[in-house]
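Trainee: Since the structure of chain A is provided, determine the placement of chain B on it from the hints.
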Amino acid sequence: MLHLLILIPFVGAALIPLMRALPRIHPGWAVLPVPAALFIYLLSRIPAISEGKTGFTTLPWMPGLGIDLSLTLDGWSLLFALLITGIGSLVVGYSMSYMGKNADSIRNFYVYLLLFMGAMLGVVLSDNLMVLYAFWELTSVASFLLIAFWYRRERSRYGALKSMLITVFGGLAMFAGFNLLYAMTGTYSIREIVSQAASLPEHSMFLPALILVLLGAFTKSAQFPFHIWLPDAMEAPTPVSAYLHSATMVKAGLYLVARMSPIFAGSSEWFWIVSLVGLTTLLYGSFKAIRQTDLKALLAYSTISQLGLIMSLLGVGSAAVFYDDPSQAAFFGLATTAAVFHLINHAVFKGSLFMVVGIVDHETNTRDLRKLGGLMKLMPVTFVIALIGAFSMAGLPPFSGFLSKEMFFTAMVNIREFDAAGAQSWMLVLPIIAWAASVFTFVYSMILVFKTFGGRLQIEKLDKPPHEASAGLLTPPILLVSLAVVFAFLPNQLASALIGPAVAAIRGNGLTVQQAHVSIHFWHGWTPELFMTLGVVILGILLYRTYTRFSLLDREWSGRDTLNRAYNAGLSLLENGGRRVTNLYMTGSVRRYLIYILLFLTAALCGTLLFSPNIRLGMEHYAPITFYEVAMVVVMLAAAAAVPFARSRVNAILFTGAVGYMVTALFLVFRAPDLALTQMIVETVSVILFLLCFKFLPKLKREKEKPVFKWTNLIVAAGVGITMTLVALAAMGSSPFEPISEYFLRESYESAGGKNVVNVILVDFRGFDTLFEIMVLGIASLGIYGLVKLGVQASSSKDEADASASRLRQRQGFPLVSNDVILRTLSRVIVLIIIAFSLYLFFAGHNNPGGGFIAALMTASALILLAVAFGMETVRRVIRVNYRILTAVGLSIAILTASGSFLFGVPFLSHAFGHFHLPILGDTELATAVLFDLGVYLAVVGVVMNIIFTIKGED
Amino acid sequence: MAIAVGVLFMIGVYLILSKVLLRVILGTSLLTHGVHLLLLTMAGLKRGDAPVLNGGSKTYTDPLPQALILTSIVISFGVTALYFVLAYRAYQTRGTDEIDDQDADAAGKEGAS
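Line by line, the protein sequences are chains A and B. For what it's worth, our numbering labels the leading residue of the first sequence as 1396, then goes sequentially. For what it's worth, our numbering labels the leading residue of the second sequence as 720, then goes sequentially.
Just so you know, nobody snuck in bad clues.
Covered by chain A, per the in silico footprint, the following chain B stretches (three or more residues, Cβ under 8 Å): (1) 744-758; (2) 800-807.
Below 35 Å or equal to it, Euclidean Cα-Cα: the simulated DSBU-like pairs (lysine-lysine) are: (3) K1846(A) with K1856(A); (4) K2105(A) with K738(B); (5) K1856(A) with K1766(A); (6) K738(B) with K2184(A); (7) K1772(A) with K1856(A); (8) K1766(A) with K1846(A).
Computed footprint of chain A on chain B, listed as stretches where at least three residues anywhere in the stretch have a Cβ under 8 Å from a Cβ of chain A: (9) 723-730; (10) 788-794.
Treat the hints as calculated values from the structure; they're not laboratory data. Each residue gets a CB set at the ideal place from its N, CA and C atoms; glycine is no exception.
Bound conformation, chain A alone (with noise of 0.2 Å):
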């Protein structure tokens, strides 16, 4: 069931596209049941998870690695689940009247809020550390698409990158830290590493995984200094604001802190870290909403003010770890209590506001403070909603958020009487920020009301006159701020009900919901806390009064603060920088990257013979060398030397052609038969090829480059060659493998029937590399014809005359019919005995130097004999294939020979053989490798002709 959870708004999020249909009403009611059937089903779960039951279920995802769909609904789960779901529902209620129905951004809107929804109930129920990671990227995803829904608007685009890199890049620190986690324990669920947390402290891995987990936290509940994202987030519609940027997404951080502190509480860095950031977060944030003018900036802020207000108090709870007894204990927890209580309470008012502020400014047309007020008399509902929300954050009896407010106060003047984990008699410090932070807060609270509702209606720097909002709009404020006077009466049904056990999961080892028993009141006493909020409240009322006098506005900076400038300039910095270093070395010219490839191949090589200690250079493995091998050799390179001097086309290429004869010799020498016939087929086969094309080229110039290129390129050249040539001798001095073909040499006959090995390899253990080779054969030859006939059609009149001339030039230079009569007598008696040796070497390929490759090769140098004692148009005339069709003819029967072993239920290519007494042949051997090699015969000679043809223009 816990999965359905996370599944069912995935699987909204995919049908929403398909409801095009149902154009008449607004997609958001089919939405709507979506988070409120979840939301429903939490609440069922409530009194099982009150009672301390907690839900586990688990499915393996990658076992391997130790990651597994292992989710977990404690209390803390549960509540924030309630959270995602309810104010989910609330806010897609809110959006059905906020956005147009019309227009066709909204399904995408949906979907993106789905996904949140799910990623988001992905993150609170994962029980692993890694599924928890994907989901919170994916948050950060949706956040990413909703901030950027009006994304025609260049600040959308700029919030939405801004938020995304910011809590991305903490992101990625969270998931290091999440790996030392594992590195130290072995494990990524959650409970198996709490319940090796007490042997954590003392690991070197305890302290980088803390800081790295706690940036996540920090970056993405927008805490001092990477908050900069959240005021940028406004940009987003407003229903998303409220459910985002307020309620769910940024209370991820808080959510993670709690649930990592039975892992790192009791660790004064964590203490420290975790408070003085809250504070110092709570302090500035709300500083800074004072300064605002826009409505949304200042709930923005208000927000981060929040957040570090909750974040400090999960960090100064965590000072009850420190203490053995009990009572004490509970003394320091109530800060906890307090930071799951100030939680609900916060997402209550906060939501609410921020839906009255999408009211305003659907209804205005602006949030700009210093256009608006005296909005209470035209509408009365939503001045109330505020109101009460407004007096909730300020921490006002008789709402919720006063009773928050009091534990908070209540937490931090509890900590002046820590005395672990260095703790100085200046902790006094800590309750004057807080006390200074709330006053702040109860100003900007009463300027979003006063400021807006109150004063003077300035009706005339309005596009339209405001009215009251629809029941729409309405009622999911109403709904969500009436929680607020119910909480304030009922808290301890509340407490019982869902802090308790909250508190109790995060606290960890040990403590029951019976023992985190919560009880909370309005009246204490004269309590010092009373007094501070009487003070803040006089002084706030004070502050109020008189704050623009202080010429605090900030109207011209917004935006343009340092941290702001810091993260625009870092951007860019970046962004030039890396322009700049990649200019520098991607130049465009094909000849540079190719340097850089060889050199760093040759470093490569080099390093690595270097520094391997089981390479070694040998000679002992050599052969006696013969003089004839040497001469050979001689012969080949002093070749293969000639050809960068060669003077003219023809001379360069039949130095290649010498070269590779001069291989085939070596071939022939060092027992490989097959090599030496393909080779020279081959061999022969290109130099036609050349010839063929030689005469369309200009001659050849001779090079005059400036020795500069002529000298990098020959030290680059030497480079690649005496690398080469160590790589040479290392792999004969040592091979520290034994070599596999011990295996090819003793089952190519038991298990596949043939006796050269070489051929055996081809067809039958390594098929795919040959099955594959034709197809690339194929692909070339594909590609020659594209290029020359699709080039030519689409050439202009120009080439087309080109084309002839250079035609004409070749009928004059290049006789395409040999006129010489013994070459066209013997040719026919030759061709037919140079087929029929094809056929034998294909028969013979199995057992006999030979194959499918070099006896299709050898057809076709056949064919191409013929071509030049008779002419193209004869041989076509006579054999009329079509050689592409050739080629798929070949190719499809490899193919098919391959797959059909799959009906005999054996894995692709594999062969079988067999004995057959045949005439005139005798005991033959057929296997069907055979069938394929066929295959490989016809592609290949298709192949071969279709190039042949098409280079000469004829076909």
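Mentor: Chain B only, in chain A's frame:
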């Protein structure tokens, strides 16, 4: 043999780095020869008979590199043919068979400064 491989590689690379397309193509084929010989050398030269089982011989040369080379020969044939046609088409459309690096170099210098 190792030295022969090295020299083949060197000449091949030198040709590839030149600006004339024909030289580049010939360079690749020389490079291919070098690779083939290197593969063959790796297997150890001249130990045993050709890998055709006839029952008579005890040792054979390593058949696997030979199979690899065979594949490579055929592929390089196809690739060379393709290069050739590319060069031909490039000449047809651009009127030269030289790789024009001047613009790119200029752009590079501009970007660097």
